[in-house]
Structure formats: C-alpha cells, structure tokens
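With the hints as a guide, dock the two chains, each given alone in a separate frame, to form the complex.
First to last, the protein sequences are chains S and C.
Each residue of the first sequence is one higher than the one before, starting from 17 at the first, in my numbering.
Each residue of the second sequence is one higher than the one before, starting from 70 at the first, in my numbering.
Please keep in mind that the hints were generated in silico from the structure rather than gathered at the bench.
Note that beta-carbon positions come from the ideal geometry of N, C-alpha and C, so glycine has one too.
Each hint should be verified, as a subset may be incorrect.
Output of the computed footprint for chain S on chain C, the stretches with three or more beta carbons under 8 Å from beta carbons of chain S [what the hints assert, rightly or not]:
# : segment
1 : 92-105
2 : 129-135
3 : 164-171
4 : 408-420
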Amino acid sequence: MTKKNAVIKVRDLEVGFGDQTILDHLNLDVREAEILGVVGGSGAGKSVLLRTIIGLVPKRRGSIEVLGVDLAKANEAERRALERRWGVLFQQGALFSSLTVRQNVQFPMRENLEISQNLMDEMSIAKLEMVGLTPQDANKFPSELSGGMTKRAALARALALDPEIVFLDEPTSGLDPISAGDFDELIRTLQQTLEITVFMVTHDLESLYTACDRIAVLADGKVVADGSIANMLESEHPWVKTYFQGKRGSMLADRQMNA
Amino acid sequence: MGEVLLTHKLEGERLELAAGGSWTATHAGELEALVERVAGEAPEAKDVSIDMAGVREFDTFGAWLLERLTRQWTKSGREAVVVGLPEHDLGLIEEMQGVNLEAVPKPVRQNPLVNSFAAFGRAGVDFGHDLVIFAGMLGAVSVSLARVVLHPRDYRLTSTIHQFDRVAWQAVPIILLITFLIGAIISQQGIFHFRRFGAELYSVDLVAILVLREIGVLIVAIMVAGRSGSSYTAELGAMKMREEIDALRTMGFDPIEVLILPRILVLVVALPVLTFLGSMAALYGGGLVALLYGGISPEIYISRLSDAISLTHFKVGMIKAPFMGLVIGIVACAAGLRVKGSAESLGLQTTNSVVQSIFLVVVLDGLFAIFFASIGM
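Just chain C, same shape as in the assembly (with noise of 0.2 Å):
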C-alpha cells in the first residue's frame, strides 16, 4: 500500500496518465475512485496517453479499469492511447475489449408495497393449490394401496418395517417423556386450583379425560409430524433433486408404491401405537404428581380413574390417531415431492410440510370434536 497508483498532469491538450504500483484485485476499490475521478479530469484535453510502465502487477480488475477508462474518453471523442504496457499483459487487455459491450438486462426490482400484496395474493393461490396437490397425493396413494391389496406380494414389506423402525420404535423414548411430562404437568396444575374448593380428587377426571380425549393424540402428532414427516419431506426432496425419483420411474417402479405408500401406511399404524403408549404415559405422569404433590394415593388414583373414564373415551382418542398419520405422511410426501433443484427450495418444502401438517392435524381435530360431539361420544 502507499504506491502512487496513477498521477496524471496536463500538457496542453493532452492528458498524461502514468501508472504505477499493482493493478490488482487487492487495489480495486482504490483505484476505481482513482480512475473516476481521472476520468472528469481536465475535459478540455484533446487527447490522452495512459503509460502503463510503471504498473507492477496486473490482472483482469485492473485491465477492465483501465478498459473502461478508454472507452470512456473514446467514446467522448477523444483519442486514448496505452502505451508501455508489458508484451504479456496485452492479451488480457484483448480479452477485456471483448467484454460489457452489451448493456446486462437488470433484474426488475418491483415495488415493495405490490410485492407484498402479490405475495399475499399468491399465498392464496397457494393455498387453493396446496388442496389440490393434497386431494392428488391421497386419490394416488389410495390407488397404489388397492393395487397393493390386489397384489399382496408387490408391497414392500421390508422398507414398512424399516420405517416402522424409525417412525415409531424409534420415537418411543422422546414420545413417552414428553407425554409423561404433559401428564405431571396437567395433574399439578388440576390439584392446584380445584384444591380451593377441596376437589382435588376432580383433577383425576381432568387428567384423564383430557389425556385420552385430546393432548395424547395431539402430543403426539405434532411430534411425529415434526420428527418424522420433516425426515419424509428432506428424504423425498433429496431424492428428488439427485434425480433418484425419476430414475425408479424409468425402471418402471411407481414411486408412489415404492417410496410413499409404505411410508404412510407406517405412519396410520403407528400414531395410534405410539397415542396409547404416550396416553399411559401421561396417565402414569399425572398419577406420580398426584401422589407426590396431591397426597393422592396409587389405589385412590386408580378407582377414581377407572370411575372417571369410560371406554369411549379412550375410543375418541384412538380413533383420531390413523387419520392424524394419515395426514402428517400425505402432506410430507407431497412436499418432498415439490422440491426443486435448490438446497433453499429443500429447506422451504421441509417447513412447509412441518407447518400445514401441525396446521390440518389441530383442524382435523377439531372436526373430530364437532362430529363426536353430534353423536353423543
């Protein structure tokens, strides 16, 4: 640093520019200021003569500056000429007279304020076509699952029990703390308030009939649609991109059958599987905290519970289950079905099928509460 990197002075009508130090990329910002401010220098000289001698270093920065700066007074109508520059430097400044001759089309920059409305338009339509791609993935699944029962010997066996493995042995552990958790949580929380009025034997109703009603099959959907149908959307999208997707067509194999089918179907057995394990769970969490915190003892507990709950209950809980599954792996599939070639179009599908699957998974439920109710369950 500290090298004069171009001087210049004025000789009657001609511009005398001498160059020096290193022309290089490390010096670019530098001299670009250098050379604009040349540029409007002296505008009444006829000509001018750029010596390159001095000029230590060179690369292409350099060489486009220097490029840039003829054309500029060239086209002004001057003369420019570029003396002293090194035999091996002038097919760099060949290759630079070749380039930027064409004006670059910008990228169009749009208001904001309609982008916005536009996004939020699109969004809508988004939305409507999300529906559709859902209708499409259940009617393609719900045909390959009939060719499946025509054909027993065509399903992947192998590839449902590896899934089976992942979606739900696997996620025994997590489902089970965290449901125990939820369990302890409601019951402190039952005895604490319905101790003022001396109910606290009532919150065993509440544990019970919301664990079995609601927050099991609900815990545990939305932890599997975040464990297991993200892992879908990523596993299908990767697939997708590296072409692996189109490859099974070209060999004939559907890849609805292959790929998709057997893992949904995982998904509806094993939601109400991992539902019962994480309501017992919770039951088991809630009775630990009214021992612990409420003074309820084991065997009070247990009448009171089996007082409380009825086998319907236990039914709307389970009920729910396979369609929720039902559910998180049709839109996961069909997410990781939509990625495009970029890893941020891989990253976008992942969190859309996580986000619309805990989204239809809560309305699904509440439909569920509506018909229920109507049938008196």
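Chain S with its partners taken away, still in its complex shape (with noise of 0.2 Å):
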C-alpha cells in the first residue's frame, strides 16, 4: 500500500485550562481514507485532541491542519467552507431536540446546498437508511429514540453532506456490544463505500481490532505510539502494555491470532 497524503496533520499541539496542561507537543497525521483510532486513559484528552482539530477549544500552541487549510489562519469564508468538508459524530449525538430526525438531518443540507426540498426528502431518507433506520423513523423526535437509533441518526446528520472526514467522539460508548458491533462494521463499511477519513475517539478495543486502520495512544498529553494493532502490542509504552495485553486486550488479541 503506498503511503497516502495527511489529511489531518498536527504539529506541537499544546492545549491546557487554567494552569492544567492536556495536550503537550502533540504530534500526529492522519492520512486519507483510513480510519484513525485515538485511545487513551480516561482524561489523556482525547475529546479535546478532536474538539481541538474542530476548532471548538482553542489551542495555546502549535499548528493544526486539516485538508490542508490551517484553522488559525483561515478567514471566516475559508472557515465555513472547510466546516461542510468534515462531519462530526458527538458523544451524546447532539441531535437538535425540537427538530424530527429527518429534519436533522436535512438542516445542513438546507444550509449549504441548494436543492429542492423534494432531493432533500429523499436525501435524507437514504442516509437514514444507509445508517441502517428505516423512513419510519424519520419523522421521530430525538426523544423518542433509543441510544443506538441515537447514534445512528447523528451519524446520518454528520454524513448528510458527504464529507471527506468524519470525526466520531466514542460512537460505540453506551450501545450493548452487538450493536456496537454493528456499528463497528457500518463506519467500515461507509468508510469503503464513502471512501472517507475517520477520526475516531474510542475507549472500546473491540472497535480498535474490527473497524480501526491505524491506532494512536494518548497519554502524558503525546502521542506515545501510533500504528496498526501488531505494533501496538509489540509496544513497550506501560499504557499500552497494560491496555492491550491486560485481561480484556490479550482475550481479544488471540480471538485475533486464532482467526
């Protein structure tokens, strides 16, 4: 496989509140079409290493790229126009409440696209139906959705655009483990299809063996090892020794080995 271009490159990221330090020289890439899992200790920062490249908290130092436009120097226009290039999965969906699921999905849509409301209808019905709801769905409101139906409909608002990453804030957190399963299994499968780059913050390792290209580890606010699940569990790093060679992480490597 040859090395493909960074979509996402982060470069000496430092990032803290009040005298606290979170992130500190952080490097990494992201490259295209692979999807990247960020693990790490509760509290590493994960979340704000993705809040951070979205430009929801802001960063002390450093340079963040992403689609090889650099937030801090972007104007507003550029700003807005790298905005409909990414979608972003939150960790509680983040669905807007009064809105029904269909219309949801259809509000960036109807923010940055010009196009009848009858493509949108229809639109917003095969995402919801890519993501695997069914159209009687659409007319649900958020509150009437279990945590999975949650998840899947933020995923459909996040991909109504078409982006070319999606960030994805633990998708699998909170579902039982087959339909996190089932989710693993459709961001990989929309990743193909879709031919997108995925940012994923997990704490799940079965998502890190079934859906994940490429995993990072955060701890001490760096990245201490990047690559694919083979390098990681020949690391050395404490972390991640203990995360995947403990109980949980060598149950999973051999059902790996033994496949």
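Next comes the structure, spelled out in structure tokens:
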C-alpha cells in the first residue's frame, strides 16, 4: 500500500485549561481514507484533541492543518468551506431536540446546498437507510429514539453533506456489544463505499480490532504509540502494554490470532 | 463550475447520455434540474445508456440522482444501462439501489383553521389540567410538609439556606431599586395632580396606602416570579431532562421533599421579607420626591405618614405576601417537573411558569381585596 497524503496534520500542539496542560507538544497525522482510532485513559485528552482539531477548544500553541487549511489562519469563508467538508458525531449524538430526525439530517443540507425539498427528502431518507434506520424513524423526535438509534441518526446527520472526514467521539459508548459491533461494521462499510477518512476517539478495544486501520495512543499529553494492532502489541510503553495485553486486551488478541 | 454535467443525444431508438464534471453535493441543485429535464426527453427512445466515464467526482448525491434517473426509465418499461463507472464507485450505486424503495409516510398537514380551533380547545383543556396539577402539587407539598413537621430532623436545612441566599438575599438590591423608583414615581404623580387642588399633602396618603396595601407586594411578587420562579422551573426541568430526579427517586428520596419543599418554603418566608424591605424603599423614594419636587419636608412627610397609615394597611400587604410566595413556588416547581426531553419544552415550561405565576398572583391579589373589603380591613 502506498503512503497516502495526510489530511489532518497536527504539529507541536499544546492545549490546556487554567494551569493544567492536557495536550503537550502533540504530533499526529491522519492519512487519507483510513480509520484512525485514538485511545487513551480517561482524562488523557482524547476528546479534547478531537474538539481542538475541529476548532471548539482553543489551542495554546502549535498548528493544525485539516485538508490543507490551517484553521487558525483561515478567514470566515474558508472556515465555513472547511466545515462543510467534515462531519462530527458527538458523544451524546447532539441531535437538535426540537427537530425530527429527518429535519436533523436535512439541516446541514438546507443551510449549505441549493437543492429542492424533494431531493432533500430523498437524500435524508437515503442517508438514514444507509446508517440502518427505517423511513418510519424519520418523523420521530430525538427524545423518542433509543441510544443506538440516536447514534445512527447523528451519524446520518454527520454524513449529510458527504464529508471527506468524519470525526467520531466514542461512537460505541453506551451501546450493547451487539449494537456496538454493528456500528463498527457500519462505519467500516460506509468508510469503504464513501471513501472517507475517519478520526475516531474510542474506549472500545473491540472497535480498534474490527474497525480501525491505525491506532494512536494518547498518554501524558502526547501520542506515545501509533501503528497497527500488531505494533501496539509489541509496544513497550507501560500504558499501551496494560491496555492491549491486559485481561480484556489479550482475549481479543488471541481471538484475532486464531481467526 | 461551468462544466458540462450531462449531455444527451438521440441515436435511432437509443438515447445516449454522457455525464461529466462533479456529480457531488455542491452541484446537486443544478444536477437535479438537468436530470429532471433529461428524464422527460425523447419519449420515443426505447432504451438509454448513461456514460459516466467523464465524471471526475462522485458522491451519494450524484449516485442517488443517477439511481433515480434509471429507476424512472425502468419503471416506464425502458432499459437503462450505466457504463463507464469506476469500480470504486460501484459500491455507492449498490448502496443507493437499496434506499428509498418504500413510500415514506409524510407528516400529515391539517387545515390551519381547524388547527387554530383545535389549539384554542386544547388551551382550554390544558388550563383545566394546569389547575389539577396545581392542586396535586399543593397536596404533595402539604403531605411532605406534614412529614417534615413530624420528623424535623429530615428537613434539608443546608439546601434551604442556600436557596434563601439566592432567592432573598441576592434579590435585595434589585428589589430595593425597583420599589424605590416606583415609590418615587407614585409620589411625583400624586403631587403633580393634587397640586391643582392645593392638596399636595394628600400625595403622602396616596403613596403610603398604595404601597403598603397593593403595589409593594405586587411588584415584589412579580419580580420574584420572573427572577426565582423561572430559575426554579429551568433548574428542575434540566434535572428532569438529565434523569437526576429519577435518580433521586430510585435512591429512595422523595423529590418533593428534597428539592421542592425547601424551595417553596424559602419563597413563603422570603416574600414577606422582601415585601417589607420593598415597601420601606418605596416610602423612602416617595419621601425623597416629596422633598425635592413637592417641597414637603421630611418632618411633615413622616408625621403625615403616621396619620395616614394604620397597622391595618401594613398587615393587609404583609398577609398577602406568603400566599403569593406559595403560588409562585408551586407553579414554578410544577412546571419544572413537566419538562419533557427537548430543549424547546424547557423553554416553553419556563415561559409558562412565569406567565402563570404572575397571572395567579394578580388574581390572588384581587381575591384578597374582596376578602379584606368584606371583613372591613
């Protein structure tokens, strides 16, 4: 496989709140059309990293380049153009509670595209069906959805404009193992058909094994290891070792070997 | 832009389409119009071929429009062939073949006239429900109050003091300022109009009686409804949304006792205190204007005050205050517990809480006026 271009380049990033430094001189590349899994202990700054890349958390120093654009230097128009090219799935879904699922998916289309209501309806149903929801779900309100359905609907909204990069913040947290497995598979298939780059923050070892092409481990505010599962199993870093070779990790590793 | 997205030509009984450029979300609007035009083109053509080789970019929007076009032709009994699609885009087409197959239930739209009638009727029914809920909440609070009286150690004193700080203590500056201004305005108006009859001194009676009996308590109640009632509703509503109230219940606590009783009791205590302070500020404001605008010296103002008012006027105002606090508290807490999942419902209930409690405060004031008149106070 040829080395693909990096679509997200993070260099020397430092982020902190008050006198607390969360990310400390962090470097990370995300390559085109790969699924990168970011793992780390609770409070290691995984979500902070994601939110800094999409511009929700201010950085202290360093540079972030997404699809060739440096967000800090971009003007309003460039920012908006860039924001159209990515989709974000928040941890709790963050669906707009006063809109139906269909209106939620149509929201980015309505704001950014000049297309007819008819096409918008068809596209929103198409997106919902792609993530495994039925047209009957389209008229429901977010408060009427189960946890798994909320995540799917939120993913459909993240995919509404056919983004080039999708950011997922713990997509499988709070789902039962079967739904979580389905969701991993869904991300995998969507990534392949739509050829998107996926930046996924996760806690779920299973997701790392089944969905991710590459893994980056965050600890002490830095990326302490990155590479494939095989690289992770060889790593000597204590946290990586405990994580991947602990009880749950090694069970999965064995299964992977035997498969 | 400016790329040719779709061209067509007729070859005998065969319609040949050639696609190019970007078949993506950005061009979806343009593309849709083109596709719709082409769909109606050449009804005599038996079959259609679509050459996608010239397409540079392709996403789900393009894929769906292509799929829609082929579906239309297939439905009218013609054969549509798509050629020249790059291999990696075949998955996308496959995906699109599986969607939008069944008709989507459209949300039913009703006659607006019928809707407005229905809304009117519903408002009436809702008003009835509100009364029932109000009575229910009053009952629940009384039961929980009785329990606390029997077991005083269970009472949440810390929470009460915290709420008292927020509702009463922190409200003092704004209440003082507003009632001061109201007192000043009443005094100014009184002097201005009574001057024509040479009866400026009676403006002191006007200020004193109005403030002590009605205005003081009403202004304070309205301020508290807007300030603390709304925050009660929003607080309890957000707790309801985040299942905190359910969590309390499962731990064996009664939300009424833990959350609502302290809040309501605080209002019942705070309102008389604030009313007293507010009335004093209003009398002070009235006196200041009397001195500066009417030339009535403080000595005369005070002696006139002591002639004009009796303890009865003061009592009439103060007796009403705790009841108004009770009404505000119950309406606000009941509204908070009725918040449902969405942010919109939180906003709606907060509005309801303020509007209803102000309305009920005024109604209550009217009832008290009748009551006091009939007992001669």
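Quick rundown of the hints versus the structure:
1. 92-105: That given contact holds, which follows from 6 residues of the segment 92-105 of chain C lying within Cβ reach (below 8 Å) of chain S.
2. 129-135: holds (count 4)
3. 164-171: holds (count 6)
4. 408-420: holds (count 5)
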